[in-house]
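As given, the protein sequences belong to chains A and B, one line each in that order.
Start counting the first sequence at 1; every next residue gets the next number (the working numbering).
Start counting the second sequence at 1001; every next residue gets the next number (the working numbering).
These are calculated hints, taken from the structure and not from any lab test.
Relax, there's no trap hidden among the hints.
DSS-like cross-link-like pairs, simulated, lysine-lysine; straight-line CA separation at most 30 Å:
#1 B:1027 x A:75
#2 A:65 x A:33
#3 A:331 x B:1131
#4 A:75 x B:1038
#5 A:75 x A:65
To list a few chain A residues with every Cβ distance to chain B over 12 Å, as calculated:
#6 49
#7 205
#8 267
In this text, a Cβ means the ideal position worked out from N, Cα and C, and glycines have one as well.
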Amino acid sequence: MDLTEFLVKTATIFVVFVLTLVIAMYSTWAERKVAGFIQDRMGPNRAGWGGLLQPLADAGKMFFKEDFIPALANKWLFIAGPSLAMLTALLASAVIPFGSTFRINGHEIVLQGVESNIGILYVFGVVALGVYGIMVGGWASNNKFSLLGAIRAASQNISYEVAMGLSLIAILMMSSSLSLGEIVAQQHGMNWNIFYQPLGFLIFITCSFAECNRVPFDLPECETELVGGYHTEYGSMKLGFYLFAEYINMFISSAIISVLYFGGYNYPGMDWVYSQLTSALGSETGHNIATLIGTAVFFGKALFFIFFYMWVRWTIPRFRYDQLMNLGWKKLIPLAIFNIIITGAAVLFLKPVITAWLN
Amino acid sequence: MISDFGYILLFIISGLVLLGVMLLVAKFLRPDNPNEEKLSTYESGEDPMGNAQIQFNIRFYIVALIFVLFEVELLFLFPWAVVFGNEELIAQTNGAWGWFAMAEMTVFIGILILGLAYAWAKGYLDWVRPKQQIPEIKSPVPADMYKQVNDRYGSK
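Produce the entire structure from the sequences given, and follow the hints as far as they go.
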């Protein structure tokens, strides 16, 4: 029993890794296709049908490029930087609930890497660690541009982390649980958190743009001021890690947004679909197919937010650094604190009134 | 029985293995002919001047300090948020629990806001921007020369 459980978990971890990597890989392709569409050009179309093999070609190029470590750089930290960035990005995918459960021969398999009771706290912690990848890499390069870019990136990430954490608190006050699986289960059907937390959602999505260093917050890289920012000295696979980590972070944050605010695998009318399927196909196959539909809905939501990231990237110009800091500290943090107080008052006073009125 | 954190450890190990394999495969595949020029630090094509451990704006430290303060206070909010709306506790205490938790946290958040207001008033949240410098040029030609010329000859 223990061994089968262990094997199932190992297989789940493998699947989660492969899924995250494939989605991140094809996000690079989608990014260029979306950019092409928005700028009225073709985008990649040579490698494979519609350029579908382009990510593989890019990965191949990353593998075959010569890689050198600058003579003045700190060798081990230079390698540790991108590895840390990639590792922290991958680790956050461990607790994302991709769907409800699979039933095989009476065993229930949860479609989630680790069903942890502190899921959201874990994601928050791992995302906070992401700063180290950038900071270590930028410092170890021993290059002025890298150092300045890394400091900028770190300062930006930590500023927006506070507002992000505060907007999470409001969600936790409503759900009374830190487990992501539990938070999704509470948003059954159409009971999504976005209807209760519109302000929190706006703060959260803004902060996740800043955490992923995406436009309009892509200040760490700036050709005119900082050359390549913290990855100026990087090339080959290590640069690939940094760029890939950005796309993995994008997928993770899209998935977290859809889990926290848009109900994850829940969709309106899911109970009706579930009862129809189980009565038609039996409690095992019907349940599994219902779960698969839920997972497809979850991926639809997550992929929409990835598209949203790209859409914003080609629509909005970037901020200046002082505007970025003002937005983070002077607008988002007070708003997030206000949101917490409003949520607290609503949970205590409004909720009993509404439930009494509904009954 | 492996606990949740055991699986997270498994996750970390498989992540490290994946990274190691990718770096190793890349190491065997790629060419490797370094020379002095390639190994020098990039500084816009110039010879690099000195070390990169330079002084940078002190504001970054201040931001980091304020961040640490807020992050610690934020972590105190996490356990509170989980038990705050607990219906059992509210029912057991006849609704006093919600009032108590809310009042307690209002005081706590009040202190948090006070800290933010202090940093704000002191100007620690303002990002210094270089002031625009308008060049002052001493010229023997008076500034309104063109205007005078235009006035004088423009009407003709």
